[in-house]
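Knowing the structure of chain X, use the given hints to seat chain Z on it.
2 protein chains.
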Amino acid sequence: MLPEEIEISQNISVNIQAFFNSSDYDKVAVLVDENTRLYCLPLVHKAIKPTDIIEIKSGEEQKTLDTCIHIWKELTDNHFERKSLLVNLGGGVIGDMGGFCAATYKRGIDFVNIPTTLLSQVDASVGGKLGVDFLGFKNHIGVFEDPEKVFIDTKFLNTLPARELRSGFAEVIKHCLIADASYWEMISAVDFKDQNWSGIVKHSVDVKKKVVEEDPFEKGLRKILNFGHTIGHAIESYFLQKDEKRLLHGEAIAAGMICETYLSAKYCDLPESSVKNIEAYILKTFGRILISKDDIEEITLLCLQDKKNEKGVINFSLLKDIGNSVFNVGVEQNEIRKVLQLYAQH
Amino acid sequence: MLPEEIEISQNISVNIQAFFNSSDYDKVAVLVDENTRLYCLPLVHKAIKPTDIIEIKSGEEQKTLDTCIHIWKELTDNHFERKSLLVNLGGGVIGDMGGFCAATYKRGIDFVNIPTTLLSQVDASVGGKLGVDFLGFKNHIGVFEDPEKVFIDTKFLNTLPARELRSGFAEVIKHCLIADASYWEMISAVDFKDQNWSGIVKHSVDVKKKVVEEDPFEKGLRKILNFGHTIGHAIESYFLQKDEKRLLHGEAIAAGMICETYLSAKYCDLPESSVKNIEAYILKTFGRILISKDDIEEITLLCLQDKKNEKGVINFSLLKDIGNSVFNVGVEQNEIRKVLQLYAQH
Numbered sequence: 035m036l037p038e039e040i041e042i043s044q045n046i047s048v049n050i051q052a053f054f055n056s057s058d059y060d061k062v063a064v065l066v067d068e069n070t071r072l073y074c075l076p077l078v079h080k081a082i083k084p085t086d087i088i089e090i091k092s093g094e095e096q097k098t099l100d101t102c103i104h105i106w107k108e109l110t111d112n113h114f115e116r117k118s119l120l121v122n123l124g125g126g127v128i129g130d131m132g133g134f135c136a137a138t139y140k141r142g143i144d145f146v147n148i149p150t151t152l153l154s155q156v157d158a159s160v161g162g163k164l165g166v167d168f169l170g171f172k173n174h175i176g177v178f179e180d181p182e183k184v185f186i187d188t189k190f191l192n193t194l195p196a197r198e199l200r201s202g203f204a205e206v207i208k209h210c211l212i213a214d215a216s217y218w219e220m221i222s223a224v225d226f227k228d229q230n231w232s233g234i235v236k237h238s239v240d241v242k243k244k245v246v247e248e249d250p251f252e253k254g255l256r257k258i259l260n261f262g263h264t265i266g267h268a269i270e271s272y273f274l275q276k277d278e279k280r281l282l283h284g285e286a287i288a289a290g291m292i293c294e295t296y297l298s299a300k301y302c303d304l305p306e307s308s309v310k311n312i313e314a315y316i317l318k319t320f321g322r323i324l325i326s327k328d329d330i331e332e333i334t335l336l337c338l339q340d341k342k343n344e345k346g347v348i349n350f351s352l353l354k355d356i357g358n359s360v361f362n363v364g365v366e367q368n369e370i371r372k373v374l375q376l377y378a379q380h
Numbered sequence: 035m036l037p038e039e040i041e042i043s044q045n046i047s048v049n050i051q052a053f054f055n056s057s058d059y060d061k062v063a064v065l066v067d068e069n070t071r072l073y074c075l076p077l078v079h080k081a082i083k084p085t086d087i088i089e090i091k092s093g094e095e096q097k098t099l100d101t102c103i104h105i106w107k108e109l110t111d112n113h114f115e116r117k118s119l120l121v122n123l124g125g126g127v128i129g130d131m132g133g134f135c136a137a138t139y140k141r142g143i144d145f146v147n148i149p150t151t152l153l154s155q156v157d158a159s160v161g162g163k164l165g166v167d168f169l170g171f172k173n174h175i176g177v178f179e180d181p182e183k184v185f186i187d188t189k190f191l192n193t194l195p196a197r198e199l200r201s202g203f204a205e206v207i208k209h210c211l212i213a214d215a216s217y218w219e220m221i222s223a224v225d226f227k228d229q230n231w232s233g234i235v236k237h238s239v240d241v242k243k244k245v246v247e248e249d250p251f252e253k254g255l256r257k258i259l260n261f262g263h264t265i266g267h268a269i270e271s272y273f274l275q276k277d278e279k280r281l282l283h284g285e286a287i288a289a290g291m292i293c294e295t296y297l298s299a300k301y302c303d304l305p306e307s308s309v310k311n312i313e314a315y316i317l318k319t320f321g322r323i324l325i326s327k328d329d330i331e332e333i334t335l336l337c338l339q340d341k342k343n344e345k346g347v348i349n350f351s352l353l354k355d356i357g358n359s360v361f362n363v364g365v366e367q368n369e370i371r372k373v374l375q376l377y378a379q380h
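Residue numbers (the working numbering), protein chains in the order written: chain X, 35 to 380; chain Z, 35 to 380.
The following block holds chain X by itself, in its conformation from the complex (with noise of 0.2 Å):
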C-alpha cells in the first residue's frame, strides 16, 4: 500500500484537479525549469491553473542560494503569503531547491511536489530532504519538510532523454539493493531500457517510504538510504567543481555503489559471487568512469566532509548481502582510497 500523500496514477491531471477542488489556496506559483516549462507543464498546467510561473535554469549547478533569491524574491514580488502554494514541477534539483525555498519562506508556506524524472519520482519525492548546494558540497544548507501532497505520473519519463532516465535507475537499483532480493533479481535479468517503470516506480516509492517512515530524522535506519552516496557525492561534487567531465547524480552514484561493494565484502562479508553480480550489472548498465590517480586523492579528501561523518570516522552503510543492509559500518580514509583505486583499475 502506498501512502494517500503520494498518488501515483498514469494520468494525474484527474488526481491534481481534485486536490485543489478541495483545498483553499489564494495563489499558485509553479516552479520550472526551461525544459518542464515546454514538455511537462502542458500536461498538468489545466488542472494546476497557476496565478505565476517561476522559471529557472536546469542542471544541477543551478542548485546554490543564488537560484534560491530569485525564487524567494519572485514569491515576495508576487505577495505570497502562508495561504499560498508552490509546486515544484521537475527533477531533484526543482524539487528540493523549490521545498526548501517554500520551508523557509515566511517561515514556511505549503507546497507540492510533481516529480517528473525517474530519479525525482523514486527517491526526491519522498522523505522530505531538501536544500541546495553550498561551497560546492551537495545539499549542504537545507531542512526536513514534507509537501503536502507528491503526484507522480511515469507519462512524464517519455519526456526524459535516455541518460536521466539511466541515472534514476540508480536510485532503484539502491533500493533492490538494500532491501528486496528478489525484485534485483528481476530487474537485473532486464536491459535497463526494457524495464517496467510503472511497476518499478512504485515498488521503489514504497521501499523508501517503509525507510523514511520508521527513521524520518535520519537517526539510525534511515541511514541503510546512503549505500552508494558517501563515495557517490564526493565523486558527484568533485566532477561538478571541474567542468569538462559533467556526470549525473545516478552515475555518480552507479560508481559509488561498485565502490561500496567492495567496502561490504571486505567489512560485512558480502559474499564474492554477490560483489561480481552487483559489478557486472551497474558496469554494463552505466560504464566505467575515468577517474585519475589524483582524482583520487581529492575524492577521498571530499568523503570527510559528509554529513555522516562523526568525529572523523567515515560512517558506511554497506551490504550483508543482497537486500541486506547494515548502517554505521566505520571505515578508514585509506579503506576509501583502495576501493576507488579497484575501481578506477589504477
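To be clear, the hints were calculated from the coordinates, so they are not data collected in a lab. Being a predicted model, the structure only gives us computed values, none of them experimental. Treat the hints loosely; a few may be bogus.
Pairs count within a copy or across copies, as identical chains cannot be separated in the list.
[To be verified] Listed below are the simulated BS3-like cross-link pairs for lysine-lysine, each with C-alpha atoms no more than 30 Å apart in a straight line:
no., residue 1, residue 2
1, K107, K253
2, K253, K243
3, K253, K183
4, K117, K243
Frame of chain X, contents of chain Z only:
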C-alpha cells in the same frame, strides 16, 4: 513553573557547565558580535570552552543571507558535523540568525541560545522563530526550530546601553497588555529604569511560553503575541531602509502598540480609559517617533506584506481590555492610515 529547557539564573555559568558535562558534542562554536565578544563572552567562556568563535558585526542590518553565508562558511571550514553545536551569544539578531544557520546547516545541527539583551531574553529566546530579513522585510526567510537549551542570566542586562534595555521593555509591556492586567498595573506604576528585571524576565518568559506551547506554529492563539507588531514591523522595516533614522525594534513596537491600541478601541471596544492609560505610559517611556505624511503612506503599504495578511485582508491581534486579547481581527487599509495619522498627530 518555567519549562526545563529555559534556565534562568543569576550565575548561569553553573548551568551551562552542567549542560556540557552531560552532553557529547565534538565541536562547539560560539556566535558573537563585537559587543558580546567583549562584554559577555568572558562571563561564560570557561563554561563553554568553545572550539571556534564566529564573530559578526552587530546590528539589525547584518541580519541577512550574506551574513548567513559567512556563518555557514565558517562552520564548513571548521568541519562542523551533525554532532557539533552552535551557541548563540547575543541579542535577537544573533539568536534568530544563528538559530536559522544551525537549523539549516547540513539540514540541522543543535544550537543553544544565551540571550544577552532584555529583548531577546523575554521574546526571541522562546518560541522557535528563526530567520533573517530579506529585501527589507523582517524575518522574511526562516524556519521554526527550538534550541536545545536557553540560558538566561539577568546579569547580562548590566552590559546594555539604556536605550537597548528600553527597547526590550516594549515586549514586557506587550506581554502584560495581552495577558496579565495585574502585572501591567505593577509595571506601569514604576519608571522603566527602576523595574525589577529578574522578576520581569521570569514573568515575560512564562507568558510567552504558555502561549507558544499551546500553538507552536501560529495557527491561532499565538497570533496574540503580534499585538503592536503588524504596524510596528512596518515602521521598523520602513526606517531600516532610511539610513538617517535608526530605530530599535522595541521603539518601533512601542509606536505600533499605540497605533494598535487605537485600533482596539475602534474594533474591539477597548475602554477609552485603558487607551489613555496605555498611550500615556508608552509615550512617557519611549517618546513619540516623528512620522511625516509621506512616511504614513509607505508604512501603510508595508503592512500589506505582513505574514498575518490573508487574501489582502490585514489581520490584527488587538485588545478587548488590558490583559485580554483577540486575534484575526480584519482591518481595512484606510484604518491603518488613520491610526498612523493619529499617532503622528497629522
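Check each numbered hint from earlier against the structure, then list the numbers of those it violates in ascending order. none
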